[in-house]
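A.B. asks: Chains as they are written, first to last, in my numbering: chain A, 1 to 313; chain B, 1 to 497; chain C, 1 to 334; chain D, 1 to 334.
Hints are computed from structural coordinates only; laboratory data are not their basis. Values in this document were obtained by computation on a predicted structure and should not be read as measured data. We treat Cβ as the ideally placed atom computed from N, Cα and C, and that holds for glycine. A hint or two may mislead.
Over the 12 Å line for every Cβ pair with chain D, so calculated as not near, a few chain B residues [said to hold, decoys possible]:
(1) Ala-326
(2) Met-334
(3) Asp-338
(4) Gln-342
(5) Arg-359
(6) Glu-374
(7) Asp-418
Below, in silico cross-link-like pairs of lysine to any residue (SDA-like), each with a Cα-Cα straight-line distance of 20 Å or less [stated by the list, open to error]:
(8) A:Lys-21 with C:Thr-154
(9) A:Lys-14 with D:Thr-52
(10) B:Lys-416 with B:Ala-326
(11) A:Lys-21 with A:Asn-153
(12) B:Lys-393 with D:Thr-282
(13) A:Lys-14 with A:Lys-133
(14) A:Lys-159 with C:Asn-302
(15) A:Lys-21 with C:Gly-156
(16) A:Lys-255 with A:Asp-302
(17) C:Lys-326 with D:Ser-280
(18) B:Lys-416 with D:Asn-221
(19) B:Lys-388 with B:Leu-440
(20) B:Lys-109 with C:Val-191
(21) A:Lys-202 with C:Val-294
(22) A:Lys-159 with D:Asn-197
(23) A:Lys-202 with C:Asn-302
(24) A:Lys-202 with C:Phe-201
(25) A:Lys-14 with D:Phe-132
(26) A:Lys-202 with C:Gly-156
(27) A:Lys-159 with A:Glu-108
(28) B:Lys-416 with D:Asn-197
(29) A:Lys-202 with C:Val-107
(30) A:Lys-136 with A:Gln-89
(31) B:Lys-340 with D:Phe-132
(32) A:Lys-21 with D:Ile-153
(33) B:Lys-139 with C:Val-47
(34) C:Lys-326 with C:Ile-33
(35) B:Lys-393 with D:Phe-132
(36) B:Lys-139 with C:Phe-201
(37) A:Lys-14 with D:Asn-302
(38) B:Lys-340 with B:Glu-88
(39) A:Lys-122 with A:Lys-133
(40) B:Lys-109 with C:Val-194
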Amino acid sequence: GMGAGSSLAQNDVKIGFIVKKPEQAWFINEQDAASALGEQKGFEVVRLSGEDGQQVLSAIDNLNSQGAQGFVICPPDVRLGPAIANRAQQYGMKVVTVDDQFLGPDGEPMAEVPHLGMSGYKIGRQVGDAIAKEMKARGWEPQSVAALRISNNELPTAKERTDGATDALLDAGFVSDNIFDAPQQNTDTSSAFAAASPIFSKNGRFEHWVIYALNEESVLGGVRASEQYGLAPDQVIGIGINGSGAAFAEFSRQKPTGFYGTVAVSSTMHGRQSADNLYTWITEDKQPPANTETTGTLMTRDNWEQVREDLGL
Amino acid sequence: MSEAYLRVDGITVEFPGVRALDGVSFAARAGEVHALMGENGAGKSTLLKVLSGVNRVTGGQLWIDGEPTVFDNAREALRRGISIIYQELTLSPNLSVAENLLLGQLPVKRGFLDRRRLRERAMSILEELGEGDIHPSTKVRELSIGQQQMIEIGRALLRDARIIAFDEPTSSLSVQEIRHLKRIVSRLREEGRVVLYVTHRMEEVFEMCDAVTVFRDGRHIHTHETLHGLDHDTLVSEMVGREIEDVYGYRPRPHGDVLMRLEAIEGRGVKAPVSLEVHRGEVFGLFGLVGAGRSELMRLVCGAERAAGGQVLFDGATCRFGSVQAAIRAGIAMCPEDRKSQGIFPVASVSDNLNISCRRFFRRWGGFRDPQRETANTEDYIRQLRIKTPGPKTPIANLSGGNQQKVILARWLAEKIDLFVMDEPTRGIDVGARRDIYSLLYELAERGKGVLVISSDLAEVSSICDRIGVMRDGELIDIVSRDQATPERLLGLALPA
Amino acid sequence: MTDKVVNSTAIPVQGRRGLPKPLRTLLDTSGLIAVFILLFIGLSVLVPDFLTGRNIVGLLLSVTLIGTIATTMMMVLALGEVDLSVASIVAFAGVVAAIVTSTSGSVAIGVLVGIAAGTAVGAFNGFVVARFGINSLIATLAAMEFVRGLAYITSGGDAVMITVPGFFELGSASFLGLTLPVWTMIGCFVVFGVVLNMTAFGRNTLATGGNAEAASLAGVNVRRLKITVFALQGLVAGIAGVLLTSRMGLGDPNTSQGLELAVISACVLGGVSLSGGVASITGVLVGVLIMGCVQNAMGLLNVPTFYQYLVRGAILLLAVMFDRWKQSRRAGSG
Amino acid sequence: MTDKVVNSTAIPVQGRRGLPKPLRTLLDTSGLIAVFILLFIGLSVLVPDFLTGRNIVGLLLSVTLIGTIATTMMMVLALGEVDLSVASIVAFAGVVAAIVTSTSGSVAIGVLVGIAAGTAVGAFNGFVVARFGINSLIATLAAMEFVRGLAYITSGGDAVMITVPGFFELGSASFLGLTLPVWTMIGCFVVFGVVLNMTAFGRNTLATGGNAEAASLAGVNVRRLKITVFALQGLVAGIAGVLLTSRMGLGDPNTSQGLELAVISACVLGGVSLSGGVASITGVLVGVLIMGCVQNAMGLLNVPTFYQYLVRGAILLLAVMFDRWKQSRRAGSG
Ligand SMILES: Nc1ncnc2c1ncn2[C@@H]1O[C@H](COP(=O)(O)OP(=O)(O)OP(=O)(O)O)[C@@H](O)[C@H]1O
Ligand SMILES: Nc1ncnc2c1ncn2[C@@H]1O[C@H](COP(=O)(O)OP(=O)(O)OP(=O)(O)O)[C@@H](O)[C@H]1O
Ligand SMILES: [Mg+2]
Ligand SMILES: [Mg+2]
């Protein structure tokens with residue numbers, strides 16, 4: 001394998017940044033931030049995609065061919081951890097994970113691989129708490145409120161998020177019978193819309209609705225379906241996750257909509273910090289902390305521009 | 001006499017590995033029916049496709065009405081008043097008869113299809129074609145091949161073209177349809193059009209045509225400006241480059257035991273139960289008009305379709321074949337009538353087309369095929385049947401129509417079977433090759449096999465068969481032995497009562 | 001299970017007797033329409049809330065994207081070709097419309113440029129297929145990749161926000177209780193139904209799909225025809241994309257992945273032949289509606305996600321098998 | 001690093017001059033092979049690290065899934081049919097193998113059951129297509145949904161971990177520097193090359209694809225042939241799925257979405273006709289390799305994600321266009 005350590009000249013450092021969904025704004029931001037840091041500190045960042053296990057392994061082979069010393073990765077499946085770590089070790093590359101943490105064969109997080117990210121479950125809870133708080137502020141009775149949970153159980157991370165939000169809502173006294181699933185086939189707006197429409201048709205007796213999902217686009221689809229069904233903006237609280245263009249588009253509309261807010265997470269910070277951790281590890285042989293947890297910030301119509309600037313989105 | 005309206009001057013057409021036309025020149029006048037003759041692969045169809053802008057020339061010049069002309073595509077040729085009835089059907093199977101007739105010039109009123117005019121024009125042309133009982137809204141795929149051929153002719157007539165060319169139009173037409181065609185051709189002559197007429201049937205040339213041009217191997221051999229004084233044998237020898245006295249060359253032979261006996265077979269297309277016997281050493285003919293049910297009957301026998309009743313006794317044993325494969329294994333095989341839809345695998349090579357069934361005899365190493373022996377087999381038949389092809393590996397679609405037919409025939413001649421069922425075997429085949437095929441059939445019979453030939457060619461069926469079954473409207477009307485089988489008698493039996 | 005079997009034999013027999021004659025003939029002639037009618041009656045009876053005005057409006061809205069594009073896909077398939085790039089065109093046209101509207105400040109310009117972008121892609125596909133004789137699957141697969149890339153690049157990978165409020169009204173403008181996207185879909189069905197059946201263009205398309213060589217020998221300008229059909233496909237996909245953007249309030253470069261397969265299968269379910277030459281607008285309509293109804297009913301019935309896959313697969317297969325069975329019975333008895 | 005670049009330019013140029021005659025003829029006759037060779041030389045020269053042993057091994061590994069399945073997809077396409085369910089079969093077979101291995105504790109049983117599951121799906125597809133005459137696009141689209149659903153249901157929606165260590169060795173067992181998946185791919189190319197060209201079965205497949213009616217009249221048992229070909233497709237997809245699972249260390253029900261289009265386009269790029277009757281194993285090999293090389297080189301060159309879409313689309317289109325151009329030039333000059 002490649003020799004590692006401080007003997008390397010700084011401008012020889014090359015790291016990979018492998019993400020599971022290279023087309024998504026979130027991961028683009030992460031990679032952008034890492035590249036920016038690289039330019040600033042003088043190392044090269046190779047941006048790669050690994051949409052499934054097969055692609056990840058090819059990406060690692062590819063990095064090895066290019067002589068990279070390590071990589072940051074958000075794996076397409078956390079259970080690929082052992083396989084990825086194995087391959088990296090074979091090539092003598094250092095690995096840190098971002099966003100999603102590897103799971104070991106025992107189903108527990110792999111502590112030996114440094115991780116930086118937010119727990120999907122916790123971010124979901126943040127959504128649930130924010131919804132509960134706004135419900136209370138609007139003075140809604142829990143019995144009269146229904147929840148539209150746009151789910152995507154095929155994606156474990158999506159499930160974690162919606163589970164977190166569900167649990168938080170239930171803890172806040174939400175009636176569990178009032179939670180309705182709308183399984184979407186994709187993670188975009190129109191599939192969420194299609195999934196949500198029949199749920200509203202079926203549960204016309206509810207006056208108030210809360211909407212949550214794995215991301216902003218999906219929540220937006222639900223909000224559009226609620227408008228289509230004839231619900232007014234003040235009858236709906238939709239809260240998304242991420243802080244991307246979809247949310248900004250919604251907030252910059254003239255009139256408020258049912259899309260109340262979103263839990264923004266700083267992809268820029270994630271990208272920058274994880275790349276920096278890896279770089280320090282390679283150049284100074286200093287292993288980063290095993291697990292750095294980040295949290296999100298609630299972004300609403302009133303504060304979105306400020307939060308956006310703070311988080312550097 | 002008037003000036004030539006169409007002049008072909010030194011036209012050369014080349015395909016990879018083949019020079020299909022080699023400096024061909026001739027001229028045709030308005031009001032003349034000009035026959036084009038020649039062996040299979042002589043270049044007749046290629047010449048017509050030059051006229052219609054499908055084939056590009058590599059040399060020579062086309063003159064129409066005194067003007068040098070080059071066509072880049074079929075549309076330009078159509079616009080210039082040239083209309084061709086191609087050798088292979090060019091219909092769109094799922095469109096209606098009316099739409100197919102007027103394809104390329106569908107009537108439009110205010111931007112929309114004018115269905116009324118479409119129907120009217122279609123009905124009037126169908127009437128003229130003698131196919132008045134076809135409804136214009138029938139889907140073309142539901143018609144018989146002969147009817148489809150008439151639709152092609154109708155389409156060409158509707159163009160009102162100055163030059164109209166027929167490429168073997170009668171090969172799949174019934175007796176009545178041929179009569180109508182003859183009437184149509186003489187009307188075209190009277191209207192002063194140029195009619196080019198490709199055929200392999202001598203009698204049609206002498207009956208319908210005013211002049212004849214003979215090709216061989218892509219070269220122009222001779223143009224007879226008039227048919228007066230021209231005799232049959234001269235024409236044949238110009239075509240095939242050798243003397244042929246009697247095309248049919250019938251050879252009497254003794255007949256053996258009963259090879260196949262049909263007992264009260266019925267099924268789709270066969271309305272009344274049919275019983276008949278074919279002996280070893282016999283050439284048995286089935287005659288009838290198109291749609292008489294001959295093909296359907298043999299499909300029931302050869303496992304292509306299930307019979308509704310009755311039984312087949314083959315070689316003494318009762319059998320009912322569930323599949324074509326079973327029939328072949330038992331010793332019966334059928335060469336289908338429509339080579340384009342039922343015969344050829346267009347993109348596959350000549351060798352693959354020929355060996356599809358018989359390659360099981362050339363296996364080696366426990367199941368692998370033996371390309372060398374397959375090729376050798378193919379080359380054998382290329383020689384025997386004078387198949388004109390650049391080689392065994394050429395895609396069959398590149399062969400001329402008649403040569404494709406020979407390959408399909410060879411597919412079955414190469415099979416080790418006892419009863420050969422040949423449905424219209426000589427459709428589109430030239431005189432010389434026909435003679436070769438007939439003598440192959442006799443040879444099979446002499447070796448103790450049975451041969452059953454379905455044919456719509458009266459002369460053929462009455463000249464080569466030992467006994468002839470006549471079918472009409474799904475029924476076997478009579479079986480006539482050779483010495484009583486005059487064409488008049490056969491036709492009388494076949495025509496509707 | 002046993003119940004269901006008994007039921008499904010019983011209903012049509014009973015129901016058929018009381019049906020008016022034309023409907024009975026319809027049921028007998030077109031297997032797929034029968035499938036749809038049975039399905040619709042079944043869902044109305046068995047699924048609570050299915051047959052409510054609101055749900056039907058929602059159902060219609062949820063099939064607008066597939067339905068609108070299926071009308072021109074029908075033309076493309078009738079031609080014997082296929083277009084895999086529609087989903088990318090939807091995304092691209094939407095993103096372009098969003099950006100142009102925001103920068104120019106004019107909804108009209110934005111919408112036109114968006115639709116023009118879609119049409120251009122379609123025309124380019126047609127050109128490549130017709131001029132160079134490239135297999136349309138490969139040509140449009142290339143376009144699918146390329147145009148999706150363009151959508152990402154123009155949008156920077158993130159959803160594009162729209163600052164001009166008038167743009168949203170497009171997607172929600174409503175007339176007789178139905179919104180513009182639904183009307184557009186209905187319009188497309190009418191227009192392309194007429195085009196297919198009532199114009200020389202439509203008949204030439206079918207003729208070309210049935211036998212391209214024959215059509216060209218008969219004097220049809222096959223090349224121009226192909227380019228036009230593909231351009232129409234691009235135009236309609238562009239319109240659908242712009243409407244989607246306006247309806248959702250954002251131009252999302254990621255949208256509608258996999259739409260092409262859904263559209264093609266709705267068409268094929270509706271009896272359009274992949275080998276060209278056979279198409280029917282009612283068939284396509286029914287194909288789209290069957291797929292939409294099944295999806296909608298599964299939502300109403302709370303079918304668990306994973307089982308939805310099973311149901312979709314099974315319904316698709318059963319619908320075609322029933323259709324085949326009806327056809328063969330007709331052929332056998334006729 | 002500079003060393004390497006010089007090296008890799010030198011090799012091909014030297015090599016080219018000395019090309020033996022047959023290879024030069026090959027270049028002239030087969031457009032696509034020429035495309036590939038030019039591409040390969042170009043990439044070796046221009047892309048640093050491309051022509052290194054490691055990278056080539058990695059490249060081969062990255063195309064194993066597509067390559068393996070493309071061999072049987074070629075047979076299916078040669079038959080004039082299509083199979084969209086391969087990606088679902090890969091996922092399903094992988095999940096089944098993972099679960100059975102874990103519960104039975106035996107790698108052999110797990111692997112066999114996984115492969116059997118794939119074969120069963122394939123045979124079912126073939127049965128539906130051959131027995132009921134259902135359009136294979138719809139039949140396998142239904143299977144694609146259904147089987148993906150089965151994969152989710154058997155796995156509970158989550159990737160299945162494998163507890164028996166012997167299972168991993170399957171995917172990483174190596175011989176002459178190449179791992180089992182690569183050898184499997186090579187094996188499939190050899191086997192199906194032989195099947196296609198050297199057996200009656202292969203020729204009958206092509207014949208049936210060219211003209212099914214004629215084949216059946218020529219004594220080919222078309223129904224059995226179709227079932228067999230689809231079953232083979234299922235078998236090979238099953239094997240690929242099991243190997244993928246072993247390589248990844250988990251049975252993922254979500255894996256390989258969209259694989260079917262990649263496989264089909266590799267085949268079509270390799271000159272396999274979608275209308276059946278035309279197929280060549282070298283064509284498919286070259287098609288797979290072109291796509292793999294382009295993807296690999298883009299990775300090495302750090303092409304930004306969005307531009308990768310453009311490049312993939314453009315290369316696909318250019319490769320087919322070049323092939324067409326060569327063909328027409330040959331036809332014209334011949
Ligand atoms: N598209 C093509 N590609 C290659 N060779 C061709 C092509 N079309 C015709 N040929 C060759 O050109 C020659 C002349 O063919 P053509 O079809 O003109 O013969 P023909 O006189 O019409 O014969 P037939 O009586 O059998 O119809 C044949 O040798 C044939 O193999
Ligand atoms: N696929 C089919 N579907 C329905 N009817 C058919 C079909 N094929 C043939 N028929 C009908 O069966 C009858 C017999 O047709 P068949 O083709 O056997 O006649 P034939 O005597 O062989 O005539 P020829 O071969 O000269 O056309 C005709 O009435 C025909 O219309
Ligand atoms: Mg000819
Ligand atoms: Mg017949």
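A.B. asks: Give me the numbers of the hints this structure contradicts, sorted from smallest to largest.
C.D. replies: 1, 2, 3, 4, 5, 6, 13, 17, 22, 24, 25, 26, 28, 29, 30, 31, 32, 33, 35
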